[in-house]
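Q: What the sequence shown shows, in this note's numbering, is residues 1 to 1215, in sequence order.
These aren't lab readings, by the way, just hints derived from the structure by calculation.
Wrong hints could be hidden among the right ones.
To be verified - No more than 27 Å apart at the CA atoms, straight line, and that leaves these computed lysine-lysine pairs for DSSO-like: (1) K900 x K956; (2) K572 x K594; (3) K1067 x K1057; (4) K289 x K368; (5) K1043 x K1057; (6) K289 x K246.
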Amino acid sequence: MQLRLLSILIWSILLWVTLQQKTAAQMLRFNNLGIKDGLSSNRVNDIAVDQNGFLWIATSDGLNLYDGSTIETFYQAQHPDLGTNSFTNLFCDSKNRIWVGSEEGLCRVENRMVFQRARLGNSSTFRTYAVFETRGFGVVAFTSRGHYAFDETTHTWQHLPWLDGEILAGNDNIDITPIQNDQFLYTYGYSVRVVDFSKQTSQIVFEMEGRGIGWSGLMINSDEIIVGVSAGQLWKINVHTQQIVKRYPLVDPHRGELMTSPARQMKRGLDGNIYVVTIGQGLMVFNPKTEQITNLGTNALIPGSLISNRLFRLLCTPDGYVVVVHASGVSIANIRQYTAHYTSIFLDKKGGMFNGHINDIVETGTNKFWLAAEDRLIQWDRTRNESEFYFIRLTHYPSAAVGTPLKAQIRTVWQDRQRRLWVSAYAVGLGIYDPTNGRYTPFPQDSTVQAYNSLFLHDIVEGPDGRIWTCSGGGIFSIDPVTLTRSAHLDHPLLRQLDGKRTYCLFVDSQKRLWMGTETFGIYCYDAKRNTLDNYGRRQGLKTPCYSFTEDKRGTVYAATGNGLALIKDKKIRFLNRQHGLRVNQIQALLRDKQGNIWFDAERFMVRYRPDSQQLTYFDENEGFLANGFRVNAAYLTGDGRALFGGFGGINEFRPERMSVSQGKLYVNIRQTRVNDHPIVRSDTSALQLDYQQNNLTFELATIDLMGTQTMLSQYRLVGADPDWQMTTKANYVHYRSLAPGNYRFQLRASKDGRTWISAPHDIAVTIAPPFWQRPWFIGFSLLSIVAALVAWQRHRERSIQRKNDEQLLRQQLVADNLRYTLETEQVVNYFNTSLSRQRNVEEAVWDVARNCIAKLGFEHCVIYLLDTSRQVLVQKAAWGHKSTEDFKIISPLEIPIGKGIVGTVALTAQPLMVPDTTKDHRYIVDDRHRFSELAVPMVIDDQLIGVIDSEHSRKNFYTSWHLQILTTVASLCASKILVAQLEEIRQQTQLALVDNQRKAAEAKLQSMRLQMNPHFLFNALNSIQQMIMTGNERSATLYLSKFSKLLRMVLTHSDKQQVSLREEIKMLTLYVELESLRFDDTFYHEICCDEEIDQDETQLPPLLIQPFVENAIWHGLLHQEGFRSLRVCFEPDGESEGLLCTIEDNGIGRVAAQALNKQSVNLAAHTGKGMSVTAERLQTLNEQTTDAPPLTIVDLYDNDGKASGTRILIRLPN
């Protein structure tokens, strides 16, 4: 019983304190700063606000600077002129300089960067009591050495001796306050005096006479002052009569007794009230007009109240700020700021208390409400701040302990037209609650209907049809208010779509449409008049739950979703979220105020949206709003226009029409400028003149609201670089890198509401000078240089064009000369060719060439050497000039070894050589006489040297490239003629040796089998050569004879070999087929190919093994074929024997027709019959030890009509 009485007493005291301070709490809401916010020490001694809006805080451990969001600290270690880290006084003068006083001296601070310690006479160590500013003397410092005035010209301190004496003796607790006309009120010890600096006089206006100690004073009118004394009183004193007009006791609000602590300091606020700080009883507010005193002290039940009652210093600014220094740091408030009221504690008459979630709100009378709370119903009288608690017990809940009823959480509360209270309780469902008897009548549970069987009902509204509509985790249903019968509308053609869908909120708009917000299926709109049900879901971009609805005056429906604010009009939906400037996407509660504005929560913000201007305004805890968030759909507009929002820790209430963003003056400053990361010192108006390399700029920004609001907007731009204003981030720095040379202007502005913008008092003009190569003088010089270069280039171009024209003329001349030389060359070559064709042997040919070189080429001397291969020497065979006689005899023929002399060098290298001056060439060999230029050309056939044509002339540099070209051609013709003559000699010798060869044929049978050469081919070849020569076709005869001789050499070379490489065999076959083709005037096409996989050098086979079959294909297959004739020989790997497969295919007349012709001609039949049979025997012998596959296969080919189209011979050779 005693504990219960004690509890009631305690809560009654709390209730009384809350009621006493309710009005005060609405007046001031403090923003508290301490160590946790970055303050260097909670022991604060003085404060000052400079002209830029920065709050300077002097502590016992460091000098602090606060800009509304961050704190910067200055220490002696970085700034030695501070003299100490413990400071006692602060003052900002008219030049925005901060004077920092301490027990070690005084320091002047300018632009946060320049620190200058004061010297009084020859000393800089003294105690500073106060610093203030006068009109006549400027800045005056009251120190332990007396009063000193600062000389702005010499920057020295001048002593004011007329102020010392009694004032200096009573300086321990002195308070100096400006009055007017350079007069100051000094309150100290037992005296109050007025000091007139303009007249340099000091007059006592009141003596305490033992009645107390004066701590602070303030002039309230021309006749009266208020003095705070140590006895816990304020005295109103008439300065003329020096009498106490009235005493105002300062009463302790907790004990109701007179305070024992003094009124430490007094300041007049913007509202005209006098604010008094006390040590122990908080902040007192004295209204001079009503003479009432209000206490603003610490109260845990009132958010934003002072956090300490031990106050030491006070500052009231012209823009409404009240800054208080206390034992826990600094507290800041603004007199002009209207703040929302926050009720977190609900007390009933029985001593009960509630501090928790408020889920729903409904007004039942003037300032009387029912609240759906975390575990109870609360009937709340807002005017008296009295509450009654009602509980719904869950005795049947399965998890409840035996005999321990649980308290149901109340999700929704609603009052109908009959003033019945409808309540949704967790695990009980929907029911009607009668507070008079505490009876709760729930609707029965029905597990067959999902909408009825939900633990929670989320919302209740009166529908357009007069029924009561509610929603739950299982869908929607409605109730007849008369019969109280339910319907889940499962048979409704449209509304049955909502069955089983978790629904959070309901709303009836001005068109009597029912809106339903679901968890995962979007928003439904049911129009009973038109019998339509529209859905706004994922297709329309709504992928998150819908929590609340409202409607503006224009009929636009607003929905609070997890993706921002959804606006629906004329069946079209659009969103207002992060992508459109909203700071937070999660919205849970909506309401429309009487002015038509839409209010909604956004986590820690309360947001106002004006539909007409589409303007968003943010409010936060500085305006009195909850910092820990709001509940779903817990918004209510009272009958008198107040807005209530339920949250996690109580209720926020405010008048929407009075809400405005922080009313403190907004200061916008560019705190510091850095160039290439180095800070610079400048005046506010000075422009920055920078070199082109100083093109990295950093601006430190400060948008100062001492209330620390987070709703402020700030923008910046660098004119000349930024096309438009840029929004700042949380960082206080803006960086520009690698700026181009030019003129720039940095601008900064800020706004609290997004409409009214305040710019920094001074822009920063920046000029970055261009590098020297971009300056006018350099550009002018460069242009002149370019013009000069263009003129020089033009002249050079003209000369170049002239030179090219001259070269063109020269080229044309050379072309004409070349054409002439070409014509002459052709004539000379034709002459030599014709002349050589008439010669019968080698000797005639070489003498003919030597003679014509003299006659046609204008040489003086010409000698032809032939190679003696046995001795490897060059022998003179023909000469014309002084070296020969008329009967074609050479006088003293000369032999030259290969490699010796100029001729021998040509023979060795097989390259022509032209020596313009023989006197300079040691290789020159004198023949019959010395000559001064020489030209020697080799005669080569099939890469084999057969001789050299040499010519000498008595004149130096006689021979030209034309002579070299002509003589080279003549050497080729001569070599061909020599070869033809040699072949003719071979033919004759062959005919003579034919009989002897026949005799020896039997003895050389084996060798003959290897040689594989048909004698008829030799005879025919020789006859063909003879025929070509006789018909005058010397060129073809030469070519034929060259190939024939090469074939003979290869046959002779390989005649004694058992195996030759496939490459050599192909060469011999190629020569043979080419000779046969020449013989028959190229009347058949031939091709010899080899598969790339076969290594022709490594593959070996008997020499001329394939030739008889090729010859047979030509003579018996192609010779008698009319039209196109084709012969193809191909070597490829044999897939059957892993050896070599040779395929010989022709498109001749075939074997049957060939055999018929052979019968008609015995000679033709015997032409190759023997060769074929011998070769077949060789193949059989080669293959009988290596493979079972037949070595020779002959296939007759036929066309589609069954006519013979050729023969294919397959020859398999072992690997």
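Q: Look at each hint and say if it fits the structure.
A: Hints versus structure:
1. K900 x K956: 22 Å, holds
2. K572 x K594: This hinted pair holds, its Cα atoms lying about 26 Å apart.
3. K1067 x K1057: 16 Å, holds
4. K289 x K368: Not OK: K289 and K368 at ~34 Å, beyond 27 Å, violated.
5. K1043 x K1057: 22 Å, holds
6. K289 x K246: 14 Å, holds
The structure fails to meet hint 4 from the earlier list, while all remaining hints are met.
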